[in-house]
Each structure stands twice: as C-alpha cells, then as structure tokens.
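Asker: Let the hints inform the model, and build the full structure from the sequences given.
Listed in order, the protein sequences are those of chains L and R. If you read the first sequence in our numbering, its first letter stands for residue 110, the second for the next number, and so on. If you read the second sequence in our numbering, its first letter stands for residue 2, the second for the next number, and so on.
What the hints contain is simulated information worked out from the structure, not anything from laboratory work. Honestly, I wouldn't trust all of these hints.
Stated by the list, open to error - Now the in silico label distances, taken between C-beta atoms and shown as ranges:
1. 167/L - 194/R: 18 to 26 angstroms
2. 117/R - 170/L: 47 to 55 angstroms
3. 179/L - 202/R: 19 to 27 angstroms
4. 263/R - 144/L: 43 to 51 angstroms
5. 170/L - 86/R: 16 to 24 angstroms
6. 18/R - 192/L: 38 to 46 angstroms
7. 26/R - 150/L: 23 to 31 angstroms
8. 195/R - 210/L: 44 to 52 angstroms
9. 192/L - 189/R: 32 to 40 angstroms
10. 40/R - 147/L: 25 to 33 angstroms
11. 252/R - 174/L: 47 to 55 angstroms
12. 190/R - 148/L: 47 to 55 angstroms
13. 192/R - 174/L: 31 to 39 angstroms
14. 150/L - 263/R: 26 to 34 angstroms
For every residue, glycine included, the Cβ atom is placed at its ideal position computed from N, Cα and C.
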Amino acid sequence: MKRDQTQGYLDVLLLRILSAGPAHGYAVITALKDSSSGLFDLPEGTVYPSLHRLEQTGLLASAWDSTSGRRRRVYSLTGRGEHALNAGRREWKTFAAGMNAVLQATS
Amino acid sequence: MSEDRWDSGRRGGDPIEAYVDELTDRLHGSPAQVRRVVSESAEHLRDAAEAHEATGLSADESALAAVRDFGSAADLARAINRTAWTGARMTVVRDMGETLLLLAAVGMVVVGLAGVAARLVAAVTSAQSVFGLPGNATVSATSCAHWLAVQPNATGCRQAGAFEAAGDLTRGMVVVGLVGLLLLGVLAVIRRVAPHPATLPPILGPAVATTAFGAAAAGLTCLAAGNAVVLATWGQGLWWVSAACSFAAALISFVLAVRRLPRSSGSAVQV
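Answerer: Right under this line is the structure:
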C-alpha cells in the first residue's frame, strides 16, 4: 500500500493498536506491521510525530516506564481516544461502503 | 541521515549514535522535548537492532538496518518540530496575552501613583501650581459659581477651580491605579492556578515597558514644556509629575531588562 495512503489513516490505526492496551512506540509500529501482514510498512520513525500529536489533542496519554529494565515512553488510549476511535471506525465504514458501491457498480 | 554520518557508521562508528546525534542537531524546542524525542528514538532503534540480530544479522548490520527502517532524521525532525510548534502555539498566544495584560496593569498603576504624587506635590507647593488653570485663562461666570459652591473653603474662583480639579483628577487617576492593581491580582491568580512554561524571552516585558514608559516620559515632558510656554490647559504641574513618574517607571523597567539579558544567544527563546 502506498505510504501516503496509510498516512491519511495513521491516527485511527494507532488508536486501534493502542485500544488493545498500553504500548511503547516500537511495539506499536511492530503491531501495525504484523496486524496488516506487512501491508502498512511505514518508516518506523513516522509513528512518533503522530503519537505526540494524538497525545497533545488528549486522545492518548503517555508516561515513562522502566519496568523492563529499559526506560521507554508508554502510550495508552484515553476516554476521548476511545470515542475518536469509534468515530474513525464509523467514518471508514461509510467511506469503504461508498468506494465499494462505486467500484463494484455495473455500468 | 547525512552521507558523512552514514560513512561514519559504516567505518566502524555506531550508526544508532550517529543517527541520534543528527536527530538531536535537527530538533528544535525545549530541552525536555528534545530529550524525550531523542530518548524514545534511541530506545526504538536499539529494540529494532535487537530484533534484527535475532534474525542472524551481525551487530553492525542490525544497527544499520534499524536506522534504515526508522527513516530519515531530517524528515522525522521536521515532523516532530511541526507537531511541537502546533502544541506550543496556544501557550505562546497565552503568554503574549499575559505579557500585554501585565504591561497594561503596570501602566495603570503608574498612572495611579502619578495621581498620588501630584497630590503630594500640591500639598507642598499649591493646588493651583499643580492642578490649576494658567494665570491668563478666562473663566466663565457659571463655572466660577459652580466651583465656589462645591469648594466653600476656597478664597477665590481660581483656587476653587484648582481644588475641584485636584479632587477630580486625583480621584480618577487613583481609580485607574486601583484597577491596575486588580488586574495584577487577577494575573497572579491565573498564573498560580494554571501555570505554563514561559515561551517568550524574559527580557521582552521589561524591554517593551522601557520603550513605552520612555516614550510616555518624553511625550509628557514635551507637553509640560509646551504647556508652560503656551499656558493652555489645566494641571501645569501635573504634566511634570506625570513625566517624572513615567521616567522613573522607564528607569526601573530598564534595570529589570538589563538583569534579564540572556547569558548566551541560544537561551532567549524556547518554544
């Protein structure tokens, strides 16, 4: 999948990954690659500006965690983040339904 | 990553450290923000390198692969800087608003102090010299009757007018000063209840105050000197007292500005 196509939906993808539980940036991008079977293969650093922006807008919270022996910034979904994820899902379903309707229409 | 640093990584330096160095160079923002991004990126790169090593790559190959997968330091720094500025924008706007409110409040307090100072000068000299009409001014019979009615202790029309002006002008200026104090109190409460990191250079407020009060002092001095020649308006002495108070405020602001001069050119603004 082209990189700019993924970027447009990166926020909602990140929210979905973090809805499974708190995770640090490397775990998030790994989960994104794994769950898309390698389809969403972004430059890994791309995830951090998006995570920071989502935190600034209150959709994510983050804190340092040293329990694994390494100091990592762990991100978690907030209540607002959950609402935004649900809204993102609805928008995607509507968009995908529209795309399918047009692309599969018989002329 | 720049070619020099790639080469440095290939020649035996640590590619991850070279990448982190380049990222650090390119990031803007507060030291805390830069530390956070650098620390997150370094940990990510080490995790990724470990994962590559687990597939059988050598340590050097793993580090290079981790850096390659992470993407360009320039692109990442640009995106992070843009995100940081977006987040800081509202704080900068608030900081500017607070600075303007502070300057306005201090200006109002100076007006109030000038009113009190004028009253004190009038007590030492005379109400006529500070608040009164110029000697050659004509006064209507109606105004004269009104002043004498409200100032029964006055010995004549001009003195009654000066007493009336002293009361009205001082009261008005002190009220302005009290409003200024109230604004300072409100500002202190806002800063205590909802503190935020400073985004503007600390010298900015005193520097602007020095300019504003200096301009006010110069303007009031010109008005006072011109008024002394033309003898046109009320409050001959009030102009001089106000000019002196503005000059004192400019001097204090200047001292504060000098004390807040940045120690080095890089520490002035941090967004």
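Asker: So, for every hint listed, does it hold in this structure?
Answerer: Comparing the hints with the structure gives:
In this structure the supplied range 18 to 26 angstroms holds for residue 167/L paired with residue 194/R, their Cβ-Cβ distance being about 20 angstroms. Residue 117/R and residue 170/L have their C-beta atoms about 52 angstroms apart, which keeps the hinted 47 to 55 angstroms range intact. The supplied range of 19 to 27 angstroms is broken by residue 179/L and residue 202/R, whose beta-carbon atoms lie about 37 angstroms from each other. Look at residue 263/R against residue 144/L: about 49 angstroms separates their beta carbons, and that is inside 43 to 51 angstroms.
The given range of 16 to 24 angstroms is respected by residue 170/L and residue 86/R, whose C-beta atoms sit roughly 21 angstroms from each other. Evaluation of the 38 to 46 angstroms hint for residue 18/R and residue 192/L yields a pass: the beta carbon distance comes to about 41 angstroms. Our hint of 23 to 31 angstroms for residue 26/R and residue 150/L holds, since their Cβ atoms are close to 28 angstroms apart. Checked against the hint of 44 to 52 angstroms, the C-beta distance between residue 195/R and residue 210/L comes to roughly 49 angstroms, which is consistent with it.
Evaluation of the 32 to 40 angstroms hint for residue 192/L and residue 189/R yields a pass: the beta carbon distance comes to about 37 angstroms. The beta-carbon spacing between residue 40/R and residue 147/L, approximately 28 angstroms, falls within the hinted interval of 25 to 33 angstroms. Distance hint for residue 252/R and residue 174/L: a CB-CB separation of about 53 angstroms, consistent with the stated range 47 to 55 angstroms. At roughly 54 angstroms, the beta-carbon separation of residue 190/R and residue 148/L lies within the given 47 to 55 angstroms, and the hint holds.
A C-beta distance of roughly 32 angstroms is found between residue 192/R and residue 174/L, which places it inside the suggested range of 31 to 39 angstroms. Distance hint for residue 150/L and residue 263/R: a CB-CB separation of about 45 angstroms, inconsistent with the stated range 26 to 34 angstroms.
Violated hints for the displayed structure, listed by number in ascending order: 3 and 14.
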